[in-house]
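Here the protein sequences come in this chain order: A and B. Using the working numbering, you'd call the opening residue of the first sequence number 16 and step up by one each time. Using the working numbering, you'd call the opening residue of the second sequence number 13 and step up by one each time.
Keep in mind that a hint or two might mislead.
With a Cα cut of at most 30 Å, we get these calculated DSS-like pairs of lysine-lysine [stated by the list, open to error]:
no., chain 1, residue 1, chain 2, residue 2
1, B, Lys130, A, Lys99
2, A, Lys337, A, Lys294
3, A, Lys69, B, Lys155
One-sided and incomplete, this derived list gives chain B residues near chain A with beta-carbon spacing under 7 Å [claimed, not checked]:
no., residue
4, Leu30
5, Pro33
6, Gly57
7, Gly60
8, Asn68
9, Arg69
10, Cys72
11, Leu75
12, Glu80
13, Phe141
14, Ala144
15, Gly145
Covered stretches of chain A (chain B as the covering partner; in silico rule of three or more C-beta atoms under 8 Å from a C-beta of chain B) [to be verified]:
no., stretch
16, 18 to 25
17, 62 to 73
18, 112 to 122
Worth flagging that the hints you see were computed from the coordinates, not collected in a lab. Computed from a predicted model, the values in this text were never measured in an experiment. Positions of the beta carbon are idealized from the N, C-alpha and C atoms, including for glycine.
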Amino acid sequence: MRDFSYLRATSTDAARQAAALPGAMLLAGGTTLIDLAKCGVAEPDTLVDITHLKGLDRIAVDERGATIGALARMGHVADHADIKSRFPAISEALWQAASAQIRNMATIGGNLMQRTRCPYFRDPANFAACNKRVSGSGCSAIGGVTRGHAVLGTSEACIAMYPGDLATALVAFDATVHLGERKLLVDDFFLLPGTTPDREHAIEPGEMITAIAIPGSAAARRSTYLKIRDRQSYEFAAASAAVGIEFEADGRTIRDLRVALGGVATKPWRVRAVEDALKGKVLEPETVRAASLLAVEGAVDHGANHYKIELAPRVVARAILKLGETA
Amino acid sequence: MAGIAVSTTINGDITEYLCQPDETLLDVLRDRLGLTGAKEGCGTGDCGACSIILDNRLVCSCLVLGAEAEGRRIETVEGMAHGDQLHTLQQKFLEHAALQCGICTPGFLIAAKDLLAKNPDPSEEEIRFGLAGNLCRCTGYDKIVRAVQDAAIVMKGA
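Just chain A, with the same shape it has in the complex:
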């Protein structure tokens, strides 16, 4: 790691001010930042440690929704009884992410700032070209080994996949990120790579994630997170789906549906086309499978990641049908 100075923040305002200075970065769980500092991707001049701030780890849940403090740990949120009962997809997404150690360390705010696992991004010593690291330097992934790269939301500048599970569930249920007073939909917080893949989040210098809020809904209460991967635990998604459903009184007609994809796109990927195609329809396997194909409309593969285009709709269909069975 390159030399940096360490500052322990004593208040949220002090942390924001310190982190606004050039070269300064906020340090919470450290699972992304210290890791990336070690491989030379993150080169902070100052780390502002916010883990000693009080009160930013609260979790409050009621009829209207949940508010989760930025410093709440992934494991704590996953295991929270009211999150499990009112937002099963959120709890399941967190449980299926990482390892016990990482879930105990990583914070909810830091989780949203998680960077891609693109091996070219993470290896500056061997791959100088990466538009995400250095704007305009090129992309080593395009034409390289692409099994884990995105098929949705890509650009000519970047095909890096967004690897997180939690945010996939958050976009499905219209969660907002609180940056102090400013509030942004999670869907707007994450940016498409376009021509500026180095800019991943709509967060400005001097801003800090303070909380995440998730509105309560019948669809959130009846929800699940289905993650398909190379092994059963401690692995990123080959494709995943956060799905929530609400039926009409007949128990068969879909009143509300939420669908988001993980593991296949450059950001957490809400698929309203699938939602719109199925709202008002009776839940039948054939209808669901046909509509789920809309999840990958516009997908573009780069060779080895072609399987994601076939896999993702099946994951969506399986998750929706699973929720139908629990009627």
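Given chain A, work out where chain B should sit, using these hints.
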């Protein structure tokens, strides 16, 4: 450079040290305090060889800065045995031969200790899920899982 003064409790003892900003807690434990039980495997949080318990949370000490530990309570594998009296988990790892080269063992022991503290009666699946963040490249995990199951039975009866 003088370094950052940090005061912690390690295995029940108040411990103070000076460290540089870029030193991990693993570096501090091993190189400054002589607690070499925790190992550096990957250094990136993937293998769990550096596992310790920090304020009741199992964590990878390779991704924690030494400076962050101010005021925290740390438990390492060195705190598991009492003199010559091995912890039940250590005894069961020996009896089941749940190790070969031993590099991953301190991490597995402390992770298993944390697992059983939170779930005294885990199923095999829960043990495998709970220990997924600890990698062993020698034994293939079966003996480790059996050692933890056996230890859980003894510890429940204690």
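Going through the hints against the structure:
no., hint, in the structure
1, B:Lys130 - A:Lys99, "18 Å, holds"
2, A:Lys337 - A:Lys294, "17 Å, holds"
3, A:Lys69 - B:Lys155, "42 Å, violated"
4, Leu30, "13 Å, violated"
5, Pro33, "4 Å, holds"
6, Gly57, "6 Å, holds"
7, Gly60, "6 Å, holds"
8, Asn68, "9 Å, violated"
9, Arg69, "4 Å, holds"
10, Cys72, "5 Å, holds"
11, Leu75, "5 Å, holds"
12, Glu80, "6 Å, holds"
13, Phe141, "6 Å, holds"
14, Ala144, "4 Å, holds"
15, Gly145, "3 Å, holds"
16, 18 to 25, "holds (count 5)"
17, 62 to 73, "holds (count 4)"
18, 112 to 122, "holds (count 7)"
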